[in-house]
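Enquirer: Note that the protein sequences, when read in sequence, are chains A and B.
Going by our numbering, the residue at position 63 of the first sequence is 47; the numbering climbs one at a time, nothing skipped.
Going by our numbering, the residue at position 2 of the second sequence is 64; the numbering climbs one at a time, nothing skipped.
Hints in this document: simulated from the structure, not taken from any laboratory.
Please note that the accuracy of each hint is not assured.
Some chain A residues well away from chain B (every beta-carbon gap over 12 Å; in silico) [as the list claims (entries may be wrong)]:
no.: 1; residue: -15
no.: 2; residue: -12
no.: 3; residue: -10
no.: 4; residue: -5
no.: 5; residue: -4
no.: 6; residue: 1
no.: 7; residue: 12
no.: 8; residue: 27
no.: 9; residue: 38
no.: 10; residue: 44
no.: 11; residue: 64
no.: 12; residue: 66
no.: 13; residue: 92
Each pair of labels, with its calculated beta carbon distance range [unchecked claim]:
no.: 14; chain 1: B; residue 1: 135; chain 2: A; residue 2: 94; range: 26 to 32 Å
no.: 15; chain 1: B; residue 1: 90; chain 2: A; residue 2: 35; range: 38 to 44 Å
no.: 16; chain 1: B; residue 1: 126; chain 2: A; residue 2: 52; range: 36 to 42 Å
no.: 17; chain 1: A; residue 1: 36; chain 2: B; residue 2: 80; range: 44 to 50 Å
no.: 18; chain 1: B; residue 1: 133; chain 2: A; residue 2: 60; range: 34 to 40 Å
no.: 19; chain 1: A; residue 1: 10; chain 2: B; residue 2: 67; range: 30 to 36 Å
no.: 20; chain 1: B; residue 1: 80; chain 2: A; residue 2: 38; range: 44 to 50 Å
no.: 21; chain 1: A; residue 1: 35; chain 2: B; residue 2: 130; range: 32 to 38 Å
no.: 22; chain 1: A; residue 1: 58; chain 2: B; residue 2: 132; range: 26 to 32 Å
no.: 23; chain 1: B; residue 1: 145; chain 2: A; residue 2: 10; range: 25 to 31 Å
no.: 24; chain 1: A; residue 1: 29; chain 2: B; residue 2: 113; range: 20 to 26 Å
no.: 25; chain 1: B; residue 1: 88; chain 2: A; residue 2: 38; range: 26 to 32 Å
no.: 26; chain 1: A; residue 1: 11; chain 2: B; residue 2: 101; range: 22 to 28 Å
no.: 27; chain 1: A; residue 1: 94; chain 2: B; residue 2: 121; range: 28 to 34 Å
The beta-carbon is built from N, C-alpha and C at its ideal position, and this holds for glycine as well.
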Amino acid sequence: RKEVEQDPGPFNVPEGATVAFNCTYSNSASQSFFWYRQDCRKEPKLLMSVYSSGNEDGRFTAQLNRASQYISLLIRDSKLSDSATYLCVVSRSGGYNKLIFGAGTRLAVHP
Amino acid sequence: DTGVSQDPRHKITKRGQNVTFRCDPISEHNRLYWYRQTLGQGPEFLTYFQNEAQLEKSRLLSDRFSAERPKGSFSTLEIQRTEQGDSAMYLCASSPKTGSYEQYFGPGTRLTVT
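Can you make the complete structure from the sequences, with help from the hints?
Expert: Below, the structure is given as structure tokens:
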């Protein structure tokens, strides 16, 4: 079993839709949590960190449930430019050490 | 451009040959990471440097792989006696000593072993 598991994709949604991605992690020693975005044939880029209290950045909302070891990402009012692969990421030591990535969930937003 | 740079961007080699990749981190970043990504998977950690010290190595890093970071600046990743299973995208990332936890990734080196 992989340490970080994500919803299998792809998600195909129309513009304006709300879409939610789920992720679970197996190591309770995980301390830091992130969502990265990766465009086709490009490098991953940090989308947002995820905090226990939940956090929002514009149309993006991330939630963390430490008890269930569950992370989510909600995208509201999807744009064509949101089409990408979304990677759920955990780290065991404040993010300074290695990042452990899920396999990613591909999102395709269509007109 | 002051981001992480990697060279070469693409490398095609025959099985059994040695290859070396270079990563130049963001100048004030003292932490440097190597990851490997295959199609349909997320990046997998290979190794980590803090300044010139290699502090962690993954079990994925077999004895055919070696990484260095002389003087705590650029880093090289060498693969000896390449195998077809080594074909992947090799990503380098760097992060600052304090402050943001974000790791900034370079564009990667795509290796194809024929």
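Enquirer: It remains to establish, for every hint, whether it holds in the given structure.
Expert: Hint check results:
1. Look at residue -15/A: its CB is around 15 Å from the nearest CB on chain B, clear of 12 Å, so calling it non-interface holds up.
2. With a minimum CB-CB distance of about 8 Å to chain B, residue -12/A fails to clear the 12 Å threshold, and the non-interface call is violated.
3. Taking the minimum C-beta to C-beta distance to chain B, about 8 Å, the non-interface status of residue -10/A is violated against the 12 Å cut.
4. Against the 12 Å criterion, residue -5/A stays outside the reach of chain B, whose nearest CB is about 15 Å from its own CB.
5. Every Cβ of chain B is farther than 12 Å from the Cβ of residue -4/A; the closest lies at roughly 17 Å, confirming the non-interface assignment.
6. The non-interface label for residue 1/A is consistent with chain B: the shortest C-beta to C-beta separation is roughly 24 Å, beyond 12 Å.
7. Under the 12 Å C-beta cut-off, the non-interface status given to residue 12/A relative to chain B holds; the minimum distance is some 19 Å.
8. The beta carbon of residue 27/A is not kept farther than 12 Å from every beta carbon of chain B, the shortest such distance being approximately 4 Å.
9. With a minimum CB-CB distance of about 18 Å to chain B, residue 38/A clears the 12 Å threshold, and the non-interface call stands.
10. For residue 44/A, the non-interface assignment is confirmed: its Cβ lies about 16 Å from the closest Cβ of chain B, beyond the 12 Å cut-off.
11. With 12 Å as the threshold on Cβ separation, the claim that residue 64/A sits away from chain B holds: the shortest Cβ distance comes to roughly 23 Å.
12. Residue placement check: residue 66/A keeps its beta carbon more than 12 Å from all beta carbons of chain B (closest about 19 Å).
13. With 12 Å as the threshold on Cβ separation, the claim that residue 92/A sits away from chain B holds: the shortest Cβ distance comes to roughly 15 Å.
14. Residue 135/B and residue 94/A have their C-beta atoms about 45 Å apart, which leaves the hinted 26 to 32 Å range violated.
15. One distance hint, 38 to 44 Å for the beta-carbon pair residue 90/B and residue 35/A, is violated here, with the actual separation near 26 Å.
16. The hinted range of 36 to 42 Å is satisfied by residue 126/B and residue 52/A, whose Cβ atoms lie roughly 40 Å apart.
17. At roughly 47 Å, the beta carbons of residue 36/A and residue 80/B sit within the given window of 44 to 50 Å.
18. In this structure, residue 133/B and residue 60/A break the distance hint of 34 to 40 Å, their C-beta atoms being roughly 47 Å apart.
19. The hinted range of 30 to 36 Å is satisfied by residue 10/A and residue 67/B, whose Cβ atoms lie roughly 35 Å apart.
20. For residue 80/B paired with residue 38/A, a C-beta distance near 49 Å keeps the hint of 44 to 50 Å intact.
21. Between residue 35/A and residue 130/B the Cβ separation comes to about 36 Å, which falls inside the hinted range of 32 to 38 Å.
22. In this structure the supplied range 26 to 32 Å is violated for residue 58/A paired with residue 132/B, their Cβ-Cβ distance being about 45 Å.
23. Between residue 145/B and residue 10/A the beta carbons are some 29 Å apart, a value that agrees with the proposed interval 25 to 31 Å.
24. Remark: the range hint 20 to 26 Å for residue 29/A to residue 113/B is upheld by a beta-carbon distance near 25 Å.
25. Taking 26 to 32 Å as the suggested C-beta distance range, the pair residue 88/B and residue 38/A conforms, at roughly 30 Å.
26. Roughly 25 Å separates the CB atoms of residue 11/A and residue 101/B, a value that falls within the hinted 22 to 28 Å.
27. Checked against the given bound of 28 to 34 Å, the beta carbons of residue 94/A and residue 121/B, roughly 41 Å apart, lie outside it.
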